[in-house]
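Two independent chains are provided; combine them into the complex using the hints.
The primary structure of each chain is shown beneath.
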Amino acid sequence: MNSFSQDHCLICHDIILPAIGWRALFSIEKEHFICLVCEGKLEKIEGDTCRICSRSFRQLDEQFRDGDLCHDCFRWEGDIEWQGFLEKNTSLFLYNDFLKEVIAKFKFRGDYLLAKVFTDSIRGKLTQMAFDQLVPIPLSEERLYERGFNQAAALLAVAGFTPSEILNRIHSEKQSKKSRSERIHVPQVFKILPDMNLEGQRIVLIDDIYTTGSTLRHAAKLLKEAGAASIQSLTLAR
Amino acid sequence: MRFVIKNEKLIPQKLHKGDSLPISQLETIPQQPPLNTEFTYNPDLQQFLTGKQLLFDDIPFPLDEIQAHYESGYVTYRKGIDYDGKRPVCTRCGNKDPHWFAVSPCSRCGETCHYCRHCIMMGRISECTPLIGWNGPVPDTKPPAKLNQWQGTLSKGQMEASNHVVEAILRNEEHLVWAVCGAGKTEVLFAGIEAAIAAGKRICIATPRTDVVLELTPRLKAAFPEITVASLYGGSEDRHLFAPLTIATTHQLHRFYHAFDAIILDEVDAFPYTVEESLQHAAVQARKPISAMIYLTATPNEKWQRECRTGKRLFTTIPARFHRHPLPVPEFVWSGNWQKQLKKKKLPANALRWITERLEANKQALVFFPHIALMEKALPILRQFAPKIEAVHAEDPERKDKVLKMRAKEIPLLLTTTILERGVTFPNIDVAVIGAEDTIFTESALVQIAGRAGRSKDHPSGVVTFFHYGKTDEMLKARRQIVSLNREGIERGLLNT
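So the protein sequences, as listed, match chains A and B.
Here the first sequence stands for residues -15 to 222, where the numbers follow this note's numbering.
Here the second sequence stands for residues 30 to 526, where the numbers follow this note's numbering.
The shape of chain B in the complex, shown without the other chains (with noise of 0.2 Å):
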């Protein structure tokens, strides 16, 4: 879209005829026109804008409408596409990468256009695309008297972050919870929740998969029945609400600006670092200036460690799981040139041991691979054992069904790559790593695959063995970690002795 400037303010050149030019070539974007009181705001735009940055097309009001908002001070335009230098950044989702960039003819600038092919999925942002946002006050929103009903009782390491989460989320702080897989993160948050609530903020806790908002969703709502819940993923309904408590796939950060009070980001380290450095720019763009962010893992990376160690970052750790029995420490098995075997159509004797085993003692086991290929070729193998034997990998059509399938124990043996590292529960079960010297499989992967085991208050242990050909750093420091975890709860009193 182009835009004139007259009397110091931005006119899409639809509503009036002048010299235009594309939002991003406007050399400064003239000062947001002041608040004007006396205007009468639409109260259903105010609701639909506030903390957000949307499109022309992502919203379902006239343009004259929203220019009107403008030109009182309620609504700002900013530009989509900005310039370091020469190059283009997307304003939206933080892209600065040239490939990521491309040109193309525009009918809606009659010009040239650069655009991100980056964040393309959630609407085209190029040179001449506004994004628009609120600038009015906030909808008026009465925390209800009665908050959290959630009945059961933390741990004492869950309460000790609990109170801590509460406390940075009052102050406006960052805090890190490193908690181990299994402590029972989620109940951890209700009453930082609450406090925030309470407080009149708005709050939302963000994760990576889509999968994690939908289990989360129903036990927040459950806990917070008084209050509304938006839930957000790709294609959700409730993309245009507003409400005090929102959950989101970090992606859907991306349409949030000055948005929230607090953010709960959980799994930071889930991510490659390229992708994690957008959701990293979506984070900081969605929360208010003035803010607390409260990360949650069970694997911070190496740097996150550091700072904790040399006290430049706030944490907590939960080092015990809430059935106060010590994480499955991994066992290190040398299996010899294991691809060399898979060629042949052999596995190495001793894996193969360690799977038939299982079988014939019907313990179901979670084996991984470091790739798609490799799997594949072990799984006809496998399946002279058991015919029922099944893989599963991120494109898997079938994935939700086999993880089903696997937790109604009608799979006696799943072979997987590292998609099922994190997220995914199953009651009582062991797991090997073929070939844990990949280097797919970082310190976090294999804490995370470690802490598939041992998760039910019924079955506390579990068998966890690393068949490798030659340790690798990443093997010993993830056992380090692990050691050193279940250290700090005896040391604590978290678990039992």
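Same shape as in the complex, but just chain A (with noise of 0.2 Å):
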């Protein structure tokens, strides 16, 4: 911390308390980006979870649960035409209101600095898992355009990494506004860059929200037949 400059929480804009004590004065001193506060509204995704994508099965009704997957994964792994692509999700918080309200303003109004929140929960994770290449979900121009940045491609960076922006996408509707089987009955929306190689390469790819999945496995499936070893995937939301 600068000891001329008060930190402000980077989303209620609080100053932040210092912690004081003595492991403050004798550690390294962490960067804090949020207020004590807001921190308590993001809720980590722990516990039981669904064994592909991470959905936790602490507010599920038994009925959505098929063994140690999620009816949605369940369904989705039951189709030989989607099975094994997206061999797991990760995703670090609970998509409540709060973390609603923190993305939409990330990226619909485009506040770009909001990436810093995430950048530690990011870092820890991607440190556990062995990949070769951080694909994010890409936009497609227009909505690059509107958007000034790709918000997968901003965590990443914001957080150290190099994101391989490797994938485009065809402009289409918002996912947003779609149905479940809307969105994975949708025709391939991405496209490998001319000229890659992705053969025996283990992709991490990003994204911000987890919904239905299909967006991640759509591209999961693209680069796993494009000679991809493994595939999973990041998501901040779930």
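It is possible that part of the hints are untrue.
[Claimed, not checked] Residues of chain A clear of chain B, computed beta-carbon distances all greater than 10 Å:
id: 1; residue: H(-3)
id: 2; residue: F58
id: 3; residue: D95
id: 4; residue: L97
id: 5; residue: A114
id: 6; residue: E130
id: 7; residue: S148
id: 8; residue: Q185
[Said to hold, decoys possible] Only pairs whose alpha carbons sit at most 16 Å apart, straight line, appear in this in silico EDC-like list of lysine to aspartate or glutamate:
id: 9; chain 1: B; residue 1: K500; chain 2: B; residue 2: E520
id: 10; chain 1: B; residue 1: K43; chain 2: A; residue 2: E149
id: 11; chain 1: B; residue 1: K43; chain 2: A; residue 2: E130
Read the hints as simulated data drawn from the structure, not as lab findings.
Just so it is clear, the structure is predicted and the values come from calculations on it, not from any experiment.
The beta carbon of each residue, even a glycine, is placed where N, CA and C say it ideally should be.
Structure, rendered in structure tokens:
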């Protein structure tokens, strides 16, 4: 922390009070980007989750669960056209009302700096994973111009990783306006940039939100069919 | 967006290839092209843009059409972010605090771009964002023959203020109306609005809170049924309505530029200083360079009070309520270290007695606390006496509901933070403050709180008690202000004696 200026919470802009104590005095100070109150509103995904999509079983009714899979993943994996492409998705936080607002401000309003809020968690997770390339889910050109930046690439870049922007997206309606079956039964919306050799590559796809998993599975299928060895994914919210 | 300068004109790079820069990085913006009177402008765009400062994203007209209007002098482009030396300043919200700026790679200009985080919820302004305005003729609005349909009568104090408001508006002056809580401020404005519209002026009432916009709109529409009234708040549908009379949250003023011949600014004192500074910036941008400004408040801050006393500020007081009864004067009661008591799950004996007396007598009351945490400690203690007691604070999702229940007399006692200090009216209540010594209770907060009591003409009196652990200057100043307004009311014959 800079001793001449006080740190403000990136979310609520309150002043962040430094922790005082021996540990704070003698350890390398960790930078704080948000205040304790806002931090408390972010709910980490922990405990028993779906083996593939990391959906928390805690709030899930028993009828939507099939063994160690949630019903959605069970259906995906039961479909020969889709099974086995997405090895595992990891999501960091529950998509609660608070996170919904933070993500909306980040990607729709274009508050790029908010990517910093998640830097620590993203670094923490990625250091536990083995990968060759980190591939952000792309936006179409129109959407990219509208938003100013790609939120998935921004999360990576701000956390100090280099995104491999090897996918293109063909412009289509906004995902959030579609139903599940509409999302699944769309033709491939992604294209791999020309002259990419993905043979044997372990790829981690990056996106902001996991909703139905359709976006990530479409990308996973394409990359796997182009020779990639394995596809995992990491999203902020689930 | 990047711009090319060609023949002394700005051209978006999308329409013309060439050496381009983000708009804020252009050394100087070429002078506005002269108005080409041969050009046929689009009247829809005129209605949409007059008096505004908007982003391309806000304007549902094609880029080349906007550009054609610019090249003929009808549309203006300004830098969304300018520099004070090297420090960025947001042109729209006036923010220059480095904490409120950030940088981002930007696909619109292909560079790393500063943007303003302060007003980002109204659409992002960055170094490559132009603010777009109108420079052509203003839409014609003919005032109807009969304007003001309001049938009521003004009190003597209101009448005096009303006349001064009319004068100030017609002379493009500034004027402060210092009207006590319950004086009837809104009625004081009708004659001024009528005069402004009759003179072909465009006028705006700006208030900090959406609730007030929603409450004022039907009253003004009823008083002026023949004119268009635009009602603006976050998410309102009138956003693009061009109207002679606009009622807006202060925040919405950020989208206006040199729009109004008169602005009536309600409750300027309602915000902490930094927010107030930004809203003052908004008001200054929204008014025309030659225009009138009417300030309305029940509690001007110390600086303004001093300017009034020393004759530096034109003002009119309405020291008495419309029902001609004096303002309740707060009494101070020492209640010891009440926070320590609360920790032991107890309330000071005198405060508790004050509350139980009212519960027994079926007299509704508002009890103010300085902080949510303390209030929530007191709630279970008090519910032992009456389980229907409720507590509200700013982030309470049931806030509106609880206020309605209080009004319907379904709640005997409502605990609150300063969120209910102004704006809400309950007809017949007593008011207490627990911990009146806290710094959150400024002079103006305490005057507003005291102003909650004795509001209706059927119940013109009410008890106001400040429980404290040591009197503060602010408490004394608040009481002094109330006493002196009552005295002035008597001297001017505005109170029943």
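Verification of the supplied hints:
1. H(-3): 8 Å, violated
2. F58: 36 Å, holds
3. D95: About 5 Å separates A:D95 from the closest Cβ of chain B, which leaves it inside 10 Å; violated.
4. L97: 4 Å, violated
5. A114: 28 Å, holds
6. E130: 8 Å, violated
7. S148: At about 16 Å from chain B, A:S148 clears the 10 Å cut-off, so the statement holds.
8. Q185: Non-interface label stands for A:Q185: nearest chain B Cβ at 25 Å, farther than 10 Å.
9. B:K500 with B:E520: Judged against 16 Å, a Cα distance of about 29 Å means the pair is violated.
10. B:K43 with A:E149: With a Cα-Cα distance of about 24 Å, the restraint between B:K43 and A:E149 is violated, given a limit of 16 Å.
11. B:K43 with A:E130: 14 Å, holds
This entry does not satisfy hints 1, 3, 4, 6, 9 and 10, going by the numbered hints stated previously.
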